[in-house]
Amino acid sequence: DTGVSQNPRHKITKRGQNVTFRCDPISEHNRLYWYRQTLGQGPEFLTYFQNEAQLEKSRLLSDRFSAERPKGSFSTLEIQRTEQGDSAMYLCASSPNRASGNTIYFGEGSWLTVV
Amino acid sequence: QKEVEQDPGPLSVPEGAIVSLNCTYSNSAFQYFMWYRQYSRKGPELLMYTYSSGNKEDGRFTAQVDKSSKYISLFIRDSQPSDSATYLCAMSAMNSNSGYALNFGKGTSLLVTP
Chain A
1 DTGVSQNPRH KITKRGQNVT FRCDPISEHN RLYWYRQTLG QGPEFLTYFQ NEAQLEKSRL
61 LSDRFSAERP KGSFSTLEIQ RTEQGDSAMY LCASSPNRAS GNTIYFGEGS WLTVV
Chain B
116 QKEVEQDPGP LSVPEGAIVS LNCTYSNSAF QYFMWYRQYS RKGPELLMYT YSSGNKEDGR
176 FTAQVDKSSK YISLFIRDSQ PSDSATYLCA MSAMNSNSGY ALNFGKGTSL LVTP
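If you read the protein sequences in the order shown, they are chains A and B. Note that the numbering used here has the first sequence beginning at 1, numbered continuously upward. Note that the numbering used here has the second sequence beginning at 116, numbered continuously upward.
Fair warning: there could be bad hints in the mix.
Here are some, though not all, of the chain A residues that point toward chain B, as calculated from beta-carbon distances under 8 Å [to be verified]:
id : residue
1  : Gly40
2  : Gln41
3  : Pro43
4  : Glu52
5  : Phe65
6  : Asp86
7  : Leu91
8  : Thr103
9  : Ile104
10 : Gly107
FYI, nobody ran anything at the bench for these hints, they're computed from the structure. Predicted model, so just to flag it, every value in this text is computed and none were measured. Glycine included, each C-beta is placed from N, C-alpha and C at the ideal position.
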């Protein structure tokens with residue numbers, strides 16, 4: 001399977017706990033994105049990496065959220081001190097580094113439920 | 116007002132019908148337009164990608180972009196029950212700083228009945 005891979009697929013956690021999601025992008029895709037999607041809404045942009053550099057962060061990415069892509073390959077998204085409002089599907093996506101614009105491919109998502 | 120507006124439906128059609136889905140947007144900087152299909156509790160799957168204005172056809176799917184009206188459409192011919200899903204429009208500006216990050220509509224829920 002050469003698609004975007006996300007783990008874990010589902011996570012149930014108690015409020016106040018920390019959670020971490022992992023994303024393995026399509027091989028050789030330089031660009032990596034994290035999005036969040038809640039029921040009945042389209043995905044919302046959280047952050048973007050070009051190789052290992054985090055180039056853009058949405059205002060949705062509060063201080064409790066941190067994302068890394070240490071070697072320009074896989075990425076992690078950590079949520080500290082989770083709140084019930086963090087319950088959502090967290091989507092990772094990747095795209096090749098073409099000169100202008102490109103198609104973005106999504107993984108299957110990681111579902112987070114905060115109880 | 117959101118930058119991308121999409122009627123959430125639901126839209127119910129009989130098998131074999133032509134389906135028309137559409138989105139409007141307000142940001143004239145958008146240059147790249149995509150349609151994704153999303154099944155329940157799955158990630159979005161890329162269906163169509165169009166740059167700037169014009170039409171693009173791929174099998175039973177046709178994507179249209181009218182930048183003058185800030186309006187995009189997806190047509191599905193000979194719809195099948197397996198087309199039942201949520202269809203998301205997405206678009207981005209020529210902003211390399213954000214990696215051409217996408218702005219999505221809410222998605223339209225489509226049900227094709229046998």
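Query raised in the report: Okay, which hints does this one fail, numbers in order?
Result: Structure breaks hints 4, 5, 6.
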